[in-house]
Amino acid sequence: MKISTPHVAGCVTVAAMMPYLSIKIAWLLGSDIGVVQPGLMRTAPFVVGNSITAAMELTGAALALALVHPWGRRLPAWMVLFPLWVAGGLLAPVMLAAPLGFLAGNTPTPAADNPIDGLQGWVYGVVYAGFILQGTGLAVTFVLHVRARWAHVLRARLGPAGSPSTIQVRLIAAVGALVALVVAARLFWAFGGSTGLTSEARNGRSVAQRALDISTASLALAGLVGLVILVSHRPRAIRAGGSLMAAGLGTGAMFCSGGYQLTLLIAPGTPFDTAGGLRFGLVIAAQVVAGLLGAIVLRGIRVPSVPQARSGSEVLLDAGQGGGCEGNGGILYRGAGVTVDQQLPGGSLRQPAARSLSRPPVVT
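Note that the working numbering has the sequence shown beginning at 1, numbered continuously upward.
The hints are simulated quantities; they were obtained by calculation from the structure and are not laboratory data. Think of the CB as a built atom: it goes at the ideal place given N, C-alpha and C, for glycine as much as any other residue. Treat the hints with care, since some could be wrong.
Stated by the list, open to error - Label pairs and their in silico Cβ distance ranges:
{"#": "1", "residue 1": "L181", "residue 2": "M79", "range": "31 to 39 Å"}
{"#": "2", "residue 1": "L103", "residue 2": "S165", "range": "40 to 48 Å"}
{"#": "3", "residue 1": "R147", "residue 2": "S31", "range": "38 to 46 Å"}
Work out the full structure, taking the sequences as your base and the hints as a guide.
Have a look at this one:
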């Protein structure tokens, strides 16, 4: 029996999730494995947190399988794209920060007498290595899925510059201002600045936290650049795929990773000043808002000039809701009576009876 490359990639990705999931399940069952303080994982905050993260990991495993099987290509686009946006937003900052921390010599040791935040050092090695592997696996399986389902979007070029709507311009301006604040603050803290941090937070900042500042700032900037390129269609000859990836990862990292940090900061029982304090929290809140506004812009992005479509058509990248998309949709061709002859894998093409702007051809 021949095993295909996508299936291998999916299995490897799921396998990379098992160590993290096993630790979480063990803690939920009452085990103190890897925990310095017995009973810590049986307290209410940790039970809730471990339940949520274990459920997210199971969702990630199901997503990895969906990306490499034909039935996954029949799922509505939003059922694939939204979980990936969340997963990428949570994993990408860690995947960039972990190697930086390793190069700086700030990796946790496996010794049991070197506890970090109440956990033995080896737990961090297992968890973060797993994050890097599963993030890489999800990226590979997603690329394979896109090539099989939406290859024409990857091949599409941005084409001639259009006229962004007033709402798009205002949203991009707001995102740009917020990203400028976030990037400036987090790079300032990453390279030793202390203004805006409480004295407790300044004294407790590690190399790993500084690396996370750098990775978050880099992703936020990449997301902004991707959005600007997609909205302005400049440079004109660039392919849409790279800009979509940058915008998706950047907005996801700002919203999801920032939302996670903000939740930890304001959670009951968290030492607020030690975690960063008010000004740090305001920067993280600005990051979350920037990610949300950027996601709103990204959802309505239209990328013209699909190779298989005639001149004047456009492809609307959507999550299968609104804009005339139906069924397994998420991709809508429009044009002045343009007829599109492409058949997508796992979908169907419906064409209007007349060449009319009121009923464009819809691909689902």
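Each hint, compared with the structure:
no.: 1; hint: L181 with M79: 31 to 39 Å; verdict: holds, 34 Å
no.: 2; hint: L103 with S165: 40 to 48 Å; verdict: holds, 44 Å
no.: 3; hint: R147 with S31: 38 to 46 Å; verdict: holds, 42 Å
In summary, this structure violates none of the numbered hints.
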